[in-house]
Structure formats: structure tokens, C-alpha cells
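Chemist: From first to last, the protein sequence lines stand for chains A and B. Its first residue numbered 1, the first sequence is counted upward by one per residue in the numbering used here. Its first residue numbered 1001, the second sequence is counted upward by one per residue in the numbering used here.
Calculated directly from the structure, the hints in this document are not laboratory data. Source: prediction; values computed, not measured. Yeah, the Cβ is synthetic: ideal placement off N, Cα and C, and Gly gets one too. There's no promise every hint is true.
Stretches of chain A that chain B covers, calculated by requiring three or more beta carbons in the stretch to come under 8 Å of a beta carbon on chain B [said to hold, decoys possible]:
1. 20–34
2. 86–96
3. 151–164
4. 183–194
Dumping the calculated DSS-like pairs for lysine-lysine here, alpha-carbon to alpha-carbon at most 30 Å [what the hints assert, rightly or not]:
5. B/1122 x A/90
6. A/72 x A/8
7. A/78 x B/1221
8. A/8 x A/198
9. B/1275 x A/22
10. A/34 x B/1221
11. A/78 x A/34
12. A/198 x B/1122
13. B/1240 x A/22
14. A/78 x A/22
15. B/1058 x A/90
Next come the chains, spelled out residue by residue.
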Amino acid sequence: MTPILEVKNLSTHFMTRRGVLKAIDDVSFAVGQKEIVGLVGESGSGKSITGFSILGLVDPPGRVVSGQILFKGEDLLKLSPAAMRTIRGKRIAMIFQDPMMTLNPVLSIGTQMIETVLAHGKVSRAEAWARSRDALGLVGIPSPEERLDAYPHQFSGGMRQRVAIAIALLHRPDLIIADEPTTALDVTIQSQILFEIKRLAAEFGMALIWISHDLGVVAALADRIMVMYAGKIVEAGQVDGVLTEPRHPYTSGLLSAVPAAVPRGEPLRPIPGFAPSPLSRPSGCAFRDRCARATDVCATEPMPEIAAGREFRCFHPHLWSVA
Amino acid sequence: MTVFVIRRFLQSIAVLLVTAIIVFIGIYAIGDPIEMLISPDASPAERAQVITSLGLDKPLWQQFLTFAWNALHGDLGRSFVFNRPSISLIFERLPATLELTLTGLVFALVLGIPLGLLSGLKPNSATDEAIMTGSIFGFSLPSFWQGMMLIMIFSVWLGWLPSTGRGQMGEFLGIRSSLFTLDGLAHLILPAINLSLFKLSLVIRLTRTGVRETMPLDFVKFARAKGLSEKRIVFVHVFKNILVPLITVVGLELGSMLAFAVVTETIFAWPGIGKLLIDSIMRLDRPVVVAYLLVIVSLFIFINFVVDVLYSLVDPRVRLGDAQ
């Protein structure tokens, strides 16, 4: 099966006054059709920038400096701004982290939905209105006709995120990039939204990149998981494998810092130290200063290794008995 | 909304009353108009007669009560100098000032908003720097000096535009105004520019700041992610958010333009209420000064009311009825 999205050697750098900030450094991955991929990492690991890079929405002074983003075989980086605009919101949609901030406070929900329909094709206003209403109904918003006239401040956070999801669904995109869409919500609302998105993705056969720092959420949702650290993907593979038998020490470190993953009564083991500043990352493996397994060889750049459907960048991976 | 209007109306009456008291006492303290009105060689009998006829022999509180009682019946007193109702003096001159002020305001908005957008969308570019530097001149050069320079350049040296008076007036839909004749327009240009330069700089800066604050917000990025055109993002999503502060400030400034058109009207000999005020203060023509200030305060109150209503139209989060 050909992947719907293939990212090859993508680097996005920010040209700041204090130097070049390598937000993403040589990232490669693929997303298959209808596949749900979880992109996990700490704050500042570059996971959100990866999402924005795909849509061409990196704000200056940031810039994609090298690589390819092949969407259905076409390199998005080579498209004109006008051509890119026809992809955004139509073939690839995005859902943002904070639902309180993503909707324009002075425009009605209807306006913000209808304009999205009208931006990608000649349809009558009445039809755009009907499609917006149906999309609202689809994400479980009661009495959608009336809600189209309402303004964002009349909605709760969870409802606003449903509106944002409805907007993303308007054109039945092939791929949705969801940037921590449940982080700002209550836990109960979180699981509802999670369930809805999973249902809708399956129903419409959409692929999904789910960006999160929450391993629990990704475990419940994703087919495959990618772990990012300091602008690089350090480990990628099927969810079950990565979470039960992590190869990269950073992944195992993340897992033993999650409360649910540690048996009751045992202390959590936080990863010692801090993620390095993106302005002054050490040469070689960026994780080596915090890693118990590091040796001298880690000062050189580890190349991605692929073994049994698992990809990781480490000289000293955890070894699990191969069953 | 009804509750809002009623409450605002009651507040307005209180404001008018307080203003009237302050102005009345203030002008009383400035000086005795008798010295200005009667020639020094008038006999004591003539003097006493004038003082009584103007009601100046009564104590201050009584003068005020008489004034307030008459004001309630729509009579704001007669001018000492012209011996005509002061309110009709003001309303005779008000159209000239309104014409000048509104033209200036339109000028400031029509030029200021596009320049501000241009500046804010390309921050730190050469265009932005040029516009910002220009607006510093608008802010910092004193209005009277700007006026004199405009006259010197366009009237004296180039001889393009007239420098004094209101010119010919035309009539349209029963309104007499300089806007309706070419000669009138020519007379209007320089004073309108003079009055609007400061506001123009203000509008540029407000718009620029608004754009700079709004562009990095999430909803703009989300609008991009939806695939909207840049035109729609700027002119609908960003612009409607900028309108809120813009309306507030422009509303307040419109009031101050009306009230302080004095300088411009003096320089260009524009026959508006500003010039009437200066003349009346010089002659200690109390009724005209008091009436002028009350009219201006009423205008301020009215403009603020309009601003509040516009506000609620632009920003759905503002609900006029349930304000505490």
C-alpha cells in the first residue's frame, strides 16, 4: 500500500538572533492510508512544528530548509502558495491544541464554517450552510441549525473543539493533523473527543497524525507511534511493540515516568536532567547527557536502524528476547 | 438594550448637570463681563441699568437657578454681545465645524487604515519604516505650525488652494455645505488636512498595533489551515478584530476634534463654533460659553452612545443589556 504522506529528511530551522534553532532535524516518516500515527514527545521536541511544516504554516523566522513532503506522491514543498492553499483544509486539515483560541471570537460559527466550504469550490451559500449544519451534527453538537448562528464564546471548550473538528471534516480530507486536541480539555471530555475522532476517522477512511505528549492517549488511539526527542524521531514502530518493548532508552525513560505504566507502590522514575536547549544541542545523540547507557561512541550521530518493523536511533538499544 | 438606553440617558442628565455647574462657576470666576461690555465713560446709572438687565446683580446661585430653569425650557440664555439666543448662534456655526471635522475624520480613516494595514502586515520593512517615521511627524509637529506650513506651501508658494474662509456653499437635500461646490471643497481641503494629520497618525498606529497583535493568534493560523485566502484572513478575520479598539478611539477622538477644532478654525478663519468660542471667551460672553460647552458635552455623550452600540454590533461578546 502506498503511503498517503511521506516525509523525507525534513529539517525546519528558525533563524533567530541567537543562532539557528533546529526545531526539526532530518525527520523521515510515512503515514499509510487510514492509518493513525501518534507523534509523541516533550514540549519543544519539534512535534508541533512537524505538523505545521507539513501544512506550510511555519511562521517566520522559521523555515523548512531541506527535505521532501510527498503527499500522494506530490512534493508539497514545491507547490506555489496558491496551490498549497487548495490542499490546506481540503485534502489535509488540522485541529489545534487550544479550542478557546482557534475560533475567531467576532465571527459566528456559521460564518467560519461556510467560508471554509466556499474557499474550496463553487457551491451556493445554501449548500455550504447545509454542509456546515451536517458537519456539526456529525460531531455530536445538538440542534446544529441554531448553533450555526452562535458565537464561539457561547460554547464550552469541549464544544468548541467539536466545532473545530467539524470544520476539519467539512471536505472529508485524506489526512488530519491533530495537534494535542484534547490536552486543554477535562478528562471526561477528553475521552469523548478521542472516541469521536477515532470513530469519524474510521468512518471516512481518513489518516490521522495525532500529536501528543500523553502516552496513554496515543496508546488508546494509534496504530503506530513515533517518539520525538530534540527535533529527531528517536524511535518508531507499532504501538504495542514500542510501549511494551522500547528499544531507545528515551522511550523507556518516558514509559517509566508515566504513572499508569508503573506498578502501584513503585516510585515513578523521572528522566534525569533536562532536554537540551534547541540552540545548543550536543553533537551526536542529543539524549546522551541524560542516558545511563551512554558511552563515548554516542558523541557521534547515531544512524536510524531498522529491525523487525522498528526504527530507532541508538548505539545501545534495549535488547528484548525475540519471541 | 432598553435598560441600557434608559440607564445611559439618566447618566447623561447627571453629567450635563454637573458640567453646567462647573462651567457656570468657572466662567463666573474668570472676570466681570461688565468691564468688557460697557464703555468706561458710562454713567453709574447706565451701569446699574445694564447690570440689572443682564441679571448680574443677583447672587451666583440665583443666577444659576434662573439659567437652569430656562435651560430646561430650551433657552440657554442670550448672548451679551450679539443680544441673540446663544443656542441659535451655536447652531448657526455648528454645520461648518461638523463639515470640517467629519471631512477630517474620513480623511484620517480612509488614509490611516490602509497605511496601518500595510505597515502591520510587513513589519520592519522599508514601507513600514517610512510610514512610521511619517506618522511621528503627524504626532509631534504642533497643529498650529502644521497649519501655517500648509498655508505657506499650498496657498502662498504654490497658490493652489485658498487659505481662509469657507468659500461658496451649495445646497443638497436641504443641507447647505461647502462640500457641494468646487470652490467650497477647495476651501475645505487645507483645514481638513490640518485637523486630521494628528488623527491620521493615531489611526495608522492603532491599526498597525492591532494587526501586529492579531496576526500571531491561533485563530489566524487556523484560518490559514482551513485554506482561506490571505485577503479574506486580513480583511475579515483580522480586520473585524481590529475594529473594536479602532471604534472606541475614533469615537472619542471625534468628540475631541469637534471640541478642539478651535486651533484649525482660528488659523484658517473657518467660521465654525471653535472660533465663536474663542471670541466669546475673549469678550466674557458667558451665555455663549456655557451653551457651547453644554452642546459639546451633549455631542460627546451622543458619540459615546453610538460607539457603545457599534461595539456590540462588532463584538458579539459585548451584550449591552446585561451590563452590571
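Chemist: For residue 78 of chain A and residue 1221 of chain B, compute the direct alpha-carbon distance and say whether it is at most 30 Å.
Modeler: It holds: about 21 Å lies between the C-alpha atoms, which stays within 30 Å.
Chemist: With a Cβ-Cβ cutoff of 8 Å, does the region 183–194 of chain A contain at least three residues near chain B?
Modeler: Contact hint for the region 183–194 of chain A vs chain B: violated, 0 residues under 8 Å.
Chemist: Are the Cα atoms of residue 78 of chain A and residue 34 of chain A separated by 30 Å or less?
Modeler: holds (25 Å)
Chemist: If you draw a straight line from the CA of residue 198 of chain A to the CA of residue 1122 of chain B, is it 30 Å or shorter?
Modeler: Given pair residue 198 of chain A, residue 1122 of chain B is violated - Cα atoms ~41 Å apart, limit 30 Å.
Chemist: Holds or violated: residue 8 of chain A with residue 198 of chain A, Cα cutoff 30 Å?
Modeler: OK: residue 8 of chain A and residue 198 of chain A at ~27 Å, within 30 Å.
Chemist: Hey, residue 1122 of chain B versus residue 90 of chain A, does the alpha-carbon distance stay inside 30 Å?
Modeler: holds (28 Å)
Chemist: When you check the alpha-carbon spacing of residue 1058 of chain B and residue 90 of chain A, does it fall within 30 Å?
Modeler: The hint is violated at about 81 Å.
Chemist: Please count how many residues of the region 20–34 of chain A have a CB within 8 Å of a CB from chain B and say whether that reaches 3.
Modeler: violated (count 0)
Chemist: Check the hint pairing residue 1275 of chain B with residue 22 of chain A against an upper bound of 30 Å on the C-alpha distance.
Modeler: Measuring from Cα to Cα gives roughly 65 Å; hence the hint is violated.
Chemist: What's the verdict on residue 72 of chain A and residue 8 of chain A, does the C-alpha distance respect the 30 Å limit or exceed it?
Modeler: holds (13 Å)
Chemist: Please verify whether residue 78 of chain A and residue 22 of chain A have alpha carbons no more than 30 Å apart.
Modeler: With Cα atoms ~21 Å apart, residue 78 of chain A and residue 22 of chain A stay inside 30 Å; holds.
Chemist: Measure nothing beyond the straight line between the CA atoms of residue 1240 of chain B and residue 22 of chain A; if it is 30 Å or shorter, mark the hint as holding.
Modeler: It is violated: about 36 Å lies between the C-alpha atoms, which goes past 30 Å.
Figure legend: structure checked against the earlier numbered hints; hints not met, in rising order: 1, 4, 9, 12, 13 and 15.
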